[in-house]
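> All residue numbers for the sequence shown refer to the numbering used here, where the first residue is 5 and numbers rise by one.
Keep in mind that the hints were calculated from the coordinates and are not lab data.
Take these hints with a grain of salt, some might be off.
No more than 27 Å apart at the CA atoms, straight line, and that leaves these computed lysine-lysine pairs for DSSO-like [said to hold, decoys possible]: (1) 118 / 204; (2) 63 / 182; (3) 24 / 63; (4) 38 / 206; (5) 38 / 204; (6) 177 / 65; (7) 32 / 68; (8) 182 / 24; (9) 70 / 32; (10) 68 / 24; (11) 70 / 109; (12) 24 / 65; (13) 70 / 58; (14) 206 / 24; (15) 38 / 109; (16) 95 / 109; (17) 211 / 24; (18) 204 / 32; (19) 118 / 70; (20) 38 / 24; (21) 206 / 32; (22) 95 / 204; (23) 58 / 177; (24) 109 / 206; (25) 118 / 68; (26) 58 / 109; (27) 177 / 211; (28) 63 / 95; (29) 63 / 32; (30) 118 / 58; (31) 103 / 65; (32) 182 / 38; (33) 68 / 95; (34) 70 / 204; (35) 70 / 24; (36) 38 / 68; (37) 58 / 24; (38) 95 / 58; (39) 65 / 32; (40) 68 / 58.
Everything numeric in this text was worked out from a predicted model, so none of it was measured.
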Amino acid sequence: MTSVTSSDILNRVGNTPLVKLDSLSNQKVTYFAKLEGHNPFGSVKDRAAYWMIKDGEEKGKLTKGKSIIIEPTSGNTGIALTGIANLLGYKVEIVIPEKASNETKDIIRNLGAKVFETSDDLCPKVGAGTDQSIALATSIAASRPDLYYSPNQYANEANFMGHYVGTGPEIWKQTDGKVTHFFTGVGTGGTITGIGAYLKEKNPDVKIIGCQPQQNHLIQGWRNFEESAKPD
């Protein structure tokens with residue numbers, strides 16, 4: 005039996021398939037979907053998690069065998085960070101709204117993270133007080149800066165750089181440079197910022213379109229910016 009190493013798994017982050025959506029396409033327009041579920045831990049957030057951890061290492065903020073990564077998340081980033089951090093030798097603590105699905109919280113725990121739950125909505129509203137998940141993660145990290153590292157996906161440039169150097173070029177290559185419109189949901193803004201910047205550099209006429217759920221939604225990871233705080 006061939007064994008799979010940590011490097012084998014990490015090397016599978018990115019380079020996901022782009023498939024034609026025949027049910028939507030017609031003679032005037034062709035639709036494609038980027039299958040980010042093919043990443044090792046099941047979502048597009050694998051890219052951001054990997055890049056934020058590597059950025060922390062390069063800046064000397066992480067020490068294997070000592071540092072604990074702590075992060076506020078409503079789901080997929082927590083799964084990705086925990087899985088990738090464990091492969092790289094780091095402990096993880098995740099702060100998550102209690103309204104996140106039990107399945108998500110169970111996956112994070114089963115991957116080895118310690119989980120703190122807060123009473124936030126999945127999409128904390130402007131004027132409703134502090135985003136408790138972010139506040140708690142920030143407080144814990146500040147209490148022991150020698151021990152904790154918080155990537156802070158909401159304000160970390162490595163979040164969108166993973167898409168600027170990875171997902172964007174992949175889409176450009178997979179469409180032979182013929183992409184005219186790019187659609188994505190928006191949470192932290194990392195995906196749309198990184199991919200959008202790359203595609204606009206290749207062709208300024210490409211349209212970049214962010215998709216928002218309606219207010220009072222229950223979609224983990226997405227934000228309606230009429231009611232929620234905008235990422236830094």
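> Compare the structure with the hints numbered earlier in the document and write down the numbers of the violated ones, lowest to highest.
1, 2, 3, 6, 7, 9, 10, 12, 22, 24, 29, 31, 34, 35, 36, 37 and 39
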